[in-house]
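Could you build all of it, start to finish, from the sequences and the hints given here?
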Amino acid sequence: DVKVTQSSRYLVKRTGEKVFLECVQDMDHENMFWYRQDPGLGLRLIYFSYDVKMKEKGDIPEGYSVSREKKERFSLILESASTNQTSMYLCASSRGGASAGELFFGEGSRLTVL
Amino acid sequence: AQTVTQSQPEMSVQEAETVTLSCTYDTSENNYYLFWYKQPPSRQMILVIRQEAYKQQNATENRFSVNFQKAAKSFSLKISDSQLGDTAMYFCAVISNFGNEKLTFGTGTRLTIIP
Chain A
1 DVKVTQSSRY LVKRTGEKVF LECVQDMDHE NMFWYRQDPG LGLRLIYFSY DVKMKEKGDI
61 PEGYSVSREK KERFSLILES ASTNQTSMYL CASSRGGASA GELFFGEGSR LTVL
Chain B
1001 AQTVTQSQPE MSVQEAETVT LSCTYDTSEN NYYLFWYKQP PSRQMILVIR QEAYKQQNAT
1061 ENRFSVNFQK AAKSFSLKIS DSQLGDTAMY FCAVISNFGN EKLTFGTGTR LTIIP
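Line by line, the protein sequences give chains A and B.
So in this note's numbering, the last spot in the first sequence is 114, and the numbers never skip.
So in this note's numbering, the last spot in the second sequence is 1115, and the numbers never skip.
It is worth saying that the hints were derived from the structure and are not from the lab.
Among the hints, erroneous ones may be present.
Stated by the list, open to error - Chain B regions said to be covered by chain A (calculated; three or more residues, Cβ under 8 Å):
#	stretch
1	1029-1043
2	1046-1058
3	1106-1113
Every residue, glycine too, gets a C-beta built ideally from N, C-alpha and C.
Put into structure tokens, the structure is as follows:
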């Protein structure tokens, strides 16, 4: 069974804390993505990576950073969490080329910032 | 830039009926792919169906089919013989510009199948 695994399903953090969200995929996919999902706004792309050590800003990168040191792992970092970052975070991966839109998703990480 | 619009935030239908979810999109590219994704309650999102823009034939996957109207930039999803397990959020998405491979999603339609 192919899998995208997110390290935490639920997190509660305080304003100003540093937050790490980890994502691992076992499909040898080139592309990895971090999305944020909010009611009425759909999925918004935060960052994506198409290769190890490569990263590209998505539509809402402010307040976030990412790291991809190994092909299978893509981490999302909130340097100083704020209440407006309370959300569901979805990690996904895909192959490159014509299959780039066929995303495999993790179960999501619901972050609450108090 | 590419955009996706889903104008139906919520829909409901009786079990065994047919339902159509609407989606319109915009892209300046000629080569693009369209997708419908399904997110069941508290479960992970999965791909339902995809359509290549250069193919005139509408894609089908079992009870799921699309109505792709390229000139109108419309991409609706039809679910036939709806089942309780079809209850989910459905997201339409488009990808183009394959040198910068990122998918753009719509805001979603929450579909409820009523027993």
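Evaluation of the provided hints:
1. 1029-1043: Three-residue rule met by the stretch 1029-1043 of chain B, so holds; n is 4.
2. 1046-1058: holds (count 3)
3. 1106-1113: holds (count 3)
Of the numbered hints stated above, none is contradicted by the structure.
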